[in-house]
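Visitor: What follows is the residue order along each chain.
Protein chains: 2
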Amino acid sequence: MKKITPRILSGFMELLPEEQLIFDRMKQMIAEIYESFGFVALDTPVLELSEILLAKAGGETEKQIYRFTKGDTDMCMRFDLTVPLSRYVAQHQNELSFPFRRYQISKSYRGERPQRGRFREFYQADIDIVGSETLSVLYDAEIPSIIYKVLTKLGLKRFHIRMNNRKLLKGFYEHIGLNEQSAEILRIIDKMDKIGEDNVRMCLFDLGLKADSISQVLNFARIQGTIESVLKQLTDLNIDNACYQTGLEELKTVTGALNDMGVPETNFMIDLRITRGLDYYTGTVYETFADDFPSWGSICSGGRYDNLAGYYTDRKLPGVGMSIGLTRFFDVLKAQGLLNTGSKTPACVLVIPMTPAEAGTALRIGNVLRQEGIKTEVYSAQTKFKNKMVYANKVAVSYVVIIGETEKAENTAVLKNMKSGEQQTVAQDKLAPSIRLLQKLEPTLPIIKDC
Amino acid sequence: MKKITPRILSGFMELLPEEQLIFDRMKQMIAEIYESFGFVALDTPVLELSEILLAKAGGETEKQIYRFTKGDTDMCMRFDLTVPLSRYVAQHQNELSFPFRRYQISKSYRGERPQRGRFREFYQADIDIVGSETLSVLYDAEIPSIIYKVLTKLGLKRFHIRMNNRKLLKGFYEHIGLNEQSAEILRIIDKMDKIGEDNVRMCLFDLGLKADSISQVLNFARIQGTIESVLKQLTDLNIDNACYQTGLEELKTVTGALNDMGVPETNFMIDLRITRGLDYYTGTVYETFADDFPSWGSICSGGRYDNLAGYYTDRKLPGVGMSIGLTRFFDVLKAQGLLNTGSKTPACVLVIPMTPAEAGTALRIGNVLRQEGIKTEVYSAQTKFKNKMVYANKVAVSYVVIIGETEKAENTAVLKNMKSGEQQTVAQDKLAPSIRLLQKLEPTLPIIKDC
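From first to last, the protein sequence lines are chains A and B. Start counting the first sequence at 566; every next residue gets the next number (this note's numbering). Start counting the second sequence at 566; every next residue gets the next number (this note's numbering).
If chains are identical, the list can't say which one is meant, so a pair holds when it fits in one copy or spans any two.
Pairs of lysine to aspartate or glutamate, DMTMM-like flavour, derived with a Cα cap of 25 Å: (1) Lys1005 <-> Glu937; (2) Lys959 <-> Glu600; (3) Lys568 <-> Glu627; (4) Lys817 <-> Glu698; (5) Lys722 <-> Glu937; (6) Lys718 <-> Glu597; (7) Lys899 <-> Glu677; (8) Lys1005 <-> Glu597; (9) Lys635 <-> Glu616; (10) Lys953 <-> Asp871.
Quick caveat, the hints were computed from the structure, so don't treat them as lab data.
Build out the structure end to end from the sequences listed, making use of the hints.
Guide: Below you can see the structure in the form of structure tokens.
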């Protein structure tokens, strides 16, 4: 029979067991943190009606969408998790309790041109808190406190959550008479890190700003220091503009609450150059950068928006949220060798019967160890003992339990630590505590190598 | 602005928080059991090249597939998890260790006509053990021992895993001279439970079988009793056919190993009427039925196959596996009111500040409780205290921690058990142990109500 070459579509990420295990650990860990804050997981369909998904989309995004018809139904694969959330909340608004807190860690689809770090199927790990009519600004602080928990738990130490407030910016531009250009200015300032201050100056000039307006804009963007110092500088500007003052109050509340939630100032700062280009955001905005790896770009970004689901409902649904581009982040960590990969099996123990005569004993031991909460594989393939150990080494299991004729007769087993090579003979009914003891001596490494 | 009515495609399942929480608990529990046996999770792409996915498909399945082109690429959404597995193993055969053990709990897609219990997007929870060239029959016993663990842990008590062996059947039909019609006979016998013995008799007659052949086939299918008794009856038939004897040996080995793995005979039996219609299976086959709910059909089915990936590689890859149709099973349990649903939030505790003056304290307490491993939501919305308690009731959180002026001043909190209504004043630094004590008194209910 002619064989078809097994392969996947380009631009899709598929992992081998060793990588898959650490990816799943990362996904699981993030889910647990989200749940520890009381977010409920949603699992919306991958396919939605085109009319629904494309209510807002346009331009580049729309071109990239996987859209097709089946029968007479025009449908799309989702391209993000925000549009499905807005559809869900609008659809089920009378069955949900507000503030509604949801997370979703799922794949979305965009037929982008394949390039390094761009995937056509990609996981995002989103959280949003959606209020009905109003939503306290204190929730704006909860989101970065979760970012802090996630990155710290992943093993990242040197990173900064950079915060800003769009009302503060809008008020400032109004105050210096640049109200009309403010959207354009925001987009330009947002590129500061990428294109540098000189280019920003030129762009602002091209926009028609006068020299002193440009200086004012840049001087404002340059304000920095500790949280206390930045807040003081912003206060001392004495800007008599309601929008500015609201933004400043919000910044004070959010940074104060971050302190209450135990986020150290070594991991967050006010950065007046962060604007988040999207029109969508209306208040607090955040981006997060690893100190030592600026090339990664922002790991998690998000912010406050005024209205989640205006296309589907008249009810005003303000919210705040953020997203981690998980597939992209994982790909970067993998490419830079920063993942603490290890075993190729989730099992902690491999039980090996020397010959078929010990197969039953091996199965019984496997069963007992699992009941004791120890993940255990039994090697039942009939082959030479040497091959069995080759398998154990290849899958990089931590411990091997060997049962030969003697061990079977004496109700014992040989317990071997595969890392150290040490082995000991243990009574079969003492295997579980012996393994737990060995496990305690080997601390679990964080997902990301020290950085 | 004209609003678009928010809705999803028909034939898709979407859950509200209360249902989603229990669905995810079920999914998570199954994943944990699979991992406890050393299966590694795979996460293959939802989209694959049509050439790959349709190598085998045909007939009904092919008509149901979501297939489309983008650019000049002809692609499909996967319609099961087996074809992607075979592609994966063939593609990565030199990087994998055999026996290769994988599980995948993911969605597949079929554009079936919508009807009760049929979904166009559905979860399957698959496990397979794939050998290179050979695979010990002992692995055939591991699969039903996992089915046993899963269903027991879900809370189902009265169920039977029904096993048979295709070699035994094939040998028997050879022996009575019905070799050529054996595939047809298998398909007919497989329907016994659905259509009844009389109709089976008629179908066999239509197939051209003579009266005594029909009697022989039916007498064989009727053999039942304890494992020991069935094996004895099968042995006593003294059938001199190699294929039959191999099948009988395999049944003996598998049932013996099931015993080693602690599966009680109250949950498994040999049923010679189980054949699994698919040509795919070549040895052990299983189906699983709830004793009290025959209308559910088989909850998990599977078996042994000779060659996983013949379309993609010359390497022989025999395997054994099974699949749980999770979306369908969940839908049945939900429809019959058999799910122990409870809370609408994953949080165990809701911290409520009486007024904005206690907001900071509430955030600090939330942070501490989370550090102690207690899932905690802080209610930061600014509204009347009464509304805060309405929210707590609506999301059905177990415990509420209330901080008022007095509690803040005295570093205490009111801890309220929402189920019993009892409340106590507790020092803030004693909240975590107090909550853990209350948790201990409330045992976790299984996912499925007693049945």
